[in-house]
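Engineer: This is what each chain is made of:
Number of protein chains: 2
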Amino acid sequence: MKSTIKDVAKKAGVSIATVSLVISDNDRISTETKKKVLKVIKSLNYYPSRSARDLVSKKTGNIGFILTDDHFLRTEPFYTRIFLGSEFEARDGNYYILLTTVRSNYSKNDPLPRFVLDRSVDGIIIAGKVPNTLIDRILEQKIPIVFVDYTTNANCCSQILIDNIHGGILATDHLIELEHKNIGFIGGDINHPSISDRLNGYKQALEKAELNQKRI
Amino acid sequence: MKSTIKDVAKKAGVSIATVSLVISDNDRISTETKKKVLKVIKSLNYYPSRSARDLVSKKTGNIGFILTDDHFLRTEPFYTRIFLGSEFEARDGNYYILLTTVRSNYSKNDPLPRFVLDRSVDGIIIAGKVPNTLIDRILEQKIPIVFVDYTTNANCCSQILIDNIHGGILATDHLIELEHKNIGFIGGDINHPSISDRLNGYKQALEKAELNQKRI
DNA sequence: TTGAAAGCGTTACCAA
DNA sequence: TTGGTAACGCTTTCAA
Numbered sequence: 000m001k002s003t004i005k006d007v008a009k010k011a012g013v014s015i016a017t018v019s020l021v022i023s024d025n026d027r028i029s030t031e032t033k034k035k036v037l038k039v040i041k042s043l044n045y046y047p048s049r050s051a052r053d054l055v056s057k058k059t060g061n062i063g064f065i066l067t068d069d070h071f072l073r074t075e076p077f078y079t080r081i082f083l084g085s086e087f088e089a090r091d092g093n094y095y096i097l098l099t100t101v102r103s104n105y106s107k108n109d110p111l112p113r114f115v116l117d118r119s120v121d122g123i124i125i126a127g128k129v130p131n132t133l134i135d136r137i138l139e140q141k142i143p144i145v146f147v148d149y150t151t152n153a154n155c156c157s158q159i160l161i162d163n164i165h166g167g168i169l170a171t172d173h174l175i176e177l178e179h180k181n182i183g184f185i186g187g188d189i190n191h192p193s194i195s196d197r198l199n200g201y202k203q204a205l206e207k208a209e210l211n212q213k214r215i
Numbered sequence: 000m001k002s003t004i005k006d007v008a009k010k011a012g013v014s015i016a017t018v019s020l021v022i023s024d025n026d027r028i029s030t031e032t033k034k035k036v037l038k039v040i041k042s043l044n045y046y047p048s049r050s051a052r053d054l055v056s057k058k059t060g061n062i063g064f065i066l067t068d069d070h071f072l073r074t075e076p077f078y079t080r081i082f083l084g085s086e087f088e089a090r091d092g093n094y095y096i097l098l099t100t101v102r103s104n105y106s107k108n109d110p111l112p113r114f115v116l117d118r119s120v121d122g123i124i125i126a127g128k129v130p131n132t133l134i135d136r137i138l139e140q141k142i143p144i145v146f147v148d149y150t151t152n153a154n155c156c157s158q159i160l161i162d163n164i165h166g167g168i169l170a171t172d173h174l175i176e177l178e179h180k181n182i183g184f185i186g187g188d189i190n191h192p193s194i195s196d197r198l199n200g201y202k203q204a205l206e207k208a209e210l211n212q213k214r215i
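Line by line, the protein sequences give chains A and B.
Residue 102 in numbering that gives the first Met the number 0 sits at position 103 of the first sequence; the count goes up by one each step and never skips.
Residue 94 in numbering that gives the first Met the number 0 sits at position 95 of the second sequence; the count goes up by one each step and never skips.
Calculated directly from the structure, the hints in this document are not laboratory data.
Any given hint could turn out to be false.
All copies of an identical chain are treated as equivalent in the list; a pair is satisfied when it fits inside any one copy or across any two copies.
[Said to hold, decoys possible] With a Cα cut of at most 35 Å, we get these calculated DSBU-like pairs of lysine-lysine:
1. Lys141 <-> Lys38
2. Lys58 <-> Lys180
3. Lys207 <-> Lys33
4. Lys1 <-> Lys38
5. Lys1 <-> Lys57
6. Lys202 <-> Lys58
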């Protein structure tokens, strides 16, 4: 049976309030009691119940992570890496990540991710391009969003972006320096800001070099 | 502000007990009240609080998912697919998946995944080969495990396996039928049951065909 | 520095 | 068929 804060309190001979304070590392607890309680906690292998804690603190301790299924299944595990990185950081902050994929052709009638419906997350990370309808509907729910590698005109949210324009310039410049004359551009979904930015950088570099440009 | 079961009860003119019964679709509620309550629920955009629910029901509504980081980051998104599939099914059952990766060289001193420490999951899925130390330590905590594409001698748990031996036979047979004479075998970690099984199938097929075998 | 007790939003039991 | 209420495990005032 999992031990509760009561068990700890009883065994340590203090009140549950004290135990709670020790757990939150409150400074108005004497070093002595703190030490004592801590020892009992360890001996009982006690961990606070997340649900009880969440219930009173009105937090969920979860962060939602949304990407489209095709992004996630890409052979190039770019988004998988971002997901993993998020998980690492979340762990540090004592958060869990709830991942869900949505169809890239998400439509108005598709249901919202469950964690937004039942408010199981304190905030949401959106990685890569997702349908705008979805974003709007989440925004309606007043859940904070952070974008990674995607930008939307809604200037609602923090965005973590790559300098794709500069990347495009650098890549193209490199080829120009090698004295290549016919430099093409292969991109994916041109509607994705990252791709169009790279194309942009590519064009800028070419213009600067006054070369012909060819687009594949 | 998120509405609670109390708000629903008040607006519907019933007790919270009744609302709770309606939510769990209990049959001893008259169709009439049920309809009424359901309408209020919708109008209030009410969703039960997960933490409150978990607290009393002593469930977490979460399933842990463990794999090693290198498995997850593989270019071939095999395990990513398994993860996604699990997520789909979990969704159906109103569960969330908590994913965590562990280092493939997990050692005794590394911490257990947080969700096992604080018991944030009702059960765990382990995909692919993970260190045995880890498995043992989870088992100690009496958390149910299901293995996917990995088997351990501990016959503690359900296991979902691929018939790799037969797969190895099929592949080798195919090449034999094409009259190839020098058939090699390229595998990954030979300690992974899946790989050694395939090698096994390969050998069996060769023996049956009385060919020389070569191993790369 | 510590403790008592209210309250968080549910579920489940027992009455009505 | 419905309602009252204890209980879940914790945090957080307010007192002591």
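Engineer: My question is about lysine 207 and lysine 33: at a cut-off of 35 Å on alpha-carbon distance, are they close within one copy, between copies, both, or neither?
Structural biologist: neither (67 Å within a copy, 70 Å between copies)
Engineer: Could you place lysine 1 and lysine 38 in one of the four classes (within, between, both, neither) given a Cα distance threshold of 35 Å?
Structural biologist: For lysine 1 and lysine 38, only the intra-copy Cα distance (17 Å) is at most 35 Å; the inter-copy one is 39 Å.
Engineer: Is the C-alpha distance from lysine 202 to lysine 58 at most 35 Å within one copy, between copies, in both cases, or in neither?
Structural biologist: neither (47 Å within a copy, 56 Å between copies)
Engineer: Quick one: lysine 141 to lysine 38, C-alpha cut-off 35 Å, is that within a copy, between copies, both, or neither?
Structural biologist: between (42 Å within a copy, 23 Å between copies)
Engineer: How would you classify lysine 1 and lysine 57 at a CA-CA limit of 35 Å: within, between, both, or neither?
Structural biologist: both (23 Å within a copy, 11 Å between copies)
Engineer: Checking lysine 58 and lysine 180: alpha-carbon separation at most 35 Å within a copy, between copies, both or neither?
Structural biologist: neither (58 Å within a copy, 65 Å between copies)
In this structure, the earlier hints numbered 2, 3, 6 are contradicted, and the remaining ones agree with it.
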